[in-house]
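Order-wise, the sequence lines are chains B and D. For the first sequence, numbering that gives the first Met the number 0 assigns the number 0 to the initial residue and increments by one for each residue that follows. For the second sequence, numbering that gives the first Met the number 0 assigns the number 0 to the initial residue and increments by one for each residue that follows.
Calculated from the structure, these hints are not laboratory results. Cβ atoms here follow ideal geometry from the backbone N, Cα and C, with glycine treated the same way.
Which residues of chain D face chain B? A partial, calculated answer using Cβ under 8 Å:
| id | residue |
| --- | --- |
| 1 | 16 |
| 2 | 41 |
| 3 | 42 |
| 4 | 44 |
| 5 | 51 |
| 6 | 58 |
| 7 | 83 |
| 8 | 88 |
| 9 | 92 |
| 10 | 95 |
| 11 | 129 |
| 12 | 134 |
| 13 | 143 |
| 14 | 149 |
| 15 | 220 |
| 16 | 225 |
Letter by letter, the chains look like this.
Number of protein chains: 2
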Amino acid sequence: MPKPDRILMAHGSGGQLSHNLVEQVFVKHFHNPILAGLDDAAVLPPLGDNARPALTTDSYVIHPLFFPGGDIGKLAVCGTVNDLAMRGARPLYLTTGFILEEGLPLDDLERIAASMAATARAAGVQIVAGDTKVVDRGSADGLFINTAGMGLVPEGVEISGANARPGDAVIISGTIGDHGMAVMSRREGLNFSTPLQSDCAPLNGLVTTLLETSPNVHCLRDPTRGGLATALNELAARSGVGIEIKETQIPVRQAVRGLCELLGMDPLYVANEGKLVAVVAPKDTDKMLTAMRAHEYGAEAAIIGRVVSEHPGRVVLCTPLGARRVVDMLVGAQLPRIC
Amino acid sequence: MPKPDRILMAHGSGGQLSHNLVEQVFVKHFHNPILAGLDDAAVLPPLGDNARPALTTDSYVIHPLFFPGGDIGKLAVCGTVNDLAMRGARPLYLTTGFILEEGLPLDDLERIAASMAATARAAGVQIVAGDTKVVDRGSADGLFINTAGMGLVPEGVEISGANARPGDAVIISGTIGDHGMAVMSRREGLNFSTPLQSDCAPLNGLVTTLLETSPNVHCLRDPTRGGLATALNELAARSGVGIEIKETQIPVRQAVRGLCELLGMDPLYVANEGKLVAVVAPKDTDKMLTAMRAHEYGAEAAIIGRVVSEHPGRVVLCTPLGARRVVDMLVGAQLPRIC
Chain B
0 MPKPDRILMA HGSGGQLSHN LVEQVFVKHF HNPILAGLDD AAVLPPLGDN ARPALTTDSY
60 VIHPLFFPGG DIGKLAVCGT VNDLAMRGAR PLYLTTGFIL EEGLPLDDLE RIAASMAATA
120 RAAGVQIVAG DTKVVDRGSA DGLFINTAGM GLVPEGVEIS GANARPGDAV IISGTIGDHG
180 MAVMSRREGL NFSTPLQSDC APLNGLVTTL LETSPNVHCL RDPTRGGLAT ALNELAARSG
240 VGIEIKETQI PVRQAVRGLC ELLGMDPLYV ANEGKLVAVV APKDTDKMLT AMRAHEYGAE
300 AAIIGRVVSE HPGRVVLCTP LGARRVVDML VGAQLPRIC
Chain D
0 MPKPDRILMA HGSGGQLSHN LVEQVFVKHF HNPILAGLDD AAVLPPLGDN ARPALTTDSY
60 VIHPLFFPGG DIGKLAVCGT VNDLAMRGAR PLYLTTGFIL EEGLPLDDLE RIAASMAATA
120 RAAGVQIVAG DTKVVDRGSA DGLFINTAGM GLVPEGVEIS GANARPGDAV IISGTIGDHG
180 MAVMSRREGL NFSTPLQSDC APLNGLVTTL LETSPNVHCL RDPTRGGLAT ALNELAARSG
240 VGIEIKETQI PVRQAVRGLC ELLGMDPLYV ANEGKLVAVV APKDTDKMLT AMRAHEYGAE
300 AAIIGRVVSE HPGRVVLCTP LGARRVVDML VGAQLPRIC
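Please construct the entire structure, taking both the sequences and the accompanying hints into account.
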């Protein structure tokens, strides 16, 4: 039988074609001794005494599959690596579940698998288990990916959205809105003189740098869906504190600001895939900011505000003219299928 | 805003409606202290010295969502619990990723979440992390679920598809084909005097029973997609051995046999979701069979064949008339979207 160039229903049957697909695409790109066992579950080496494992999962349904600065595969690795890193965990292992639509070009799948493998290498994680399902044409939109991740939280690290304290500084690791606007520009077929790029990146290295600089990191969050505004609202609500941010301090690229204005969007609510918000004790703030700026994924880090005891659960934005407005959580849907 | 009765795009925005959905459906049903943190990742208690973690993942795309004997939620918990159990691991934690189609009735989602919660309780696992994505109408078929699972392999347990040895006995824990034929009967609107029921069940208790009875369990596999024939072919290939099975020894319900004949299907290739194949050393075979039969999910367990050194990688079926035929892996797709 000649090798098909598109996904067939039989690729999901569990039979010969499923096995070929797993061997010729996934095992080939993700190769590591644990995955190569192809058993029902991967058995891992012991984690060590007192090690606290961290677990997380995300599904990725982004449209289109390829966008400036990344693709659904890179995103599926970064997103889950970053969720682990936001608890201070060192990411170690990923699992991946593919839902493929009948007719998906095999070349696209292979590009995506190669991209996942390269991103996993860059982040220092291994893809140790996987699953592939195929649904009939019209029952899914090309390809969905789930990744689950496991990491280890180093002793003494206690980072949680509930740990913000009045007086803490709020740091963003760089410009906001790049991912969402890059995807929008591709989706809408917009061309700019300076093309927008997604910021999609694994942030575990940046988190390690931060934790090596100071133990006084209280909260970390990656402002993905719902953007910076949503991440800050979650932190304020979970910690029972208020947050005040200064509009002029928030880094936004000119091209992102321009496209947001054009489309009537607010960069505060636009998704990022390579940024983090850190809430840190005032003590080591400058040291931490300097360390972040020395890292490739934190070069444009900035202090954007502080935690206050007033208006618990609320985020307040101070505008350049001195006005103050409440930044609510998003109620409707701003950008569907952005991750 | 009144509570919507269907999934809206905004349920996937990461904003207020996403939070409501998570709190009012998922946290409500899956409630446990780890999940309640709602951080980017769940941090778990230490696993203990020398404990080997096991990791696995599966996505579930079954159609229809509800079928006799189960639903996609029950299946999503059992399938992943069983994959862990097939390595001898004690399942502990699950993560779950939902991909919802705009327009899905919220009542259906709630029924499915309740079913997942009940099955997780029965299997003794906690759902500790989750994710929800929404795709626009027509971009998915109702609801897809991914679950990833983590368990612990007890010291001394070494179960793998590569461990079958000539002379080993091959045991099936009960009747084959029930799940696939129950789903087919619902899908095709067929009614029978004795309705077919899926065998969907968590098998970790049965595996514990087996391992407590004897350490001589070499391979375990749950014959899901591709059925018993595919599972046996995988074991033969991975272990580099031949397998011989006796047609008359394989338990098949009359109703399943009848529907298979009607639809031109072979029960050997039909999916099961509550059965396992055990390849065990000859020494304790009878003891293990007795122990399995005393368990609710192993009452109809039977020895169906043995491992041989001849024809490595091949499965041979001996018919009642004494003929021998090779049972190949499936090449085409027999039943799409069966799990």
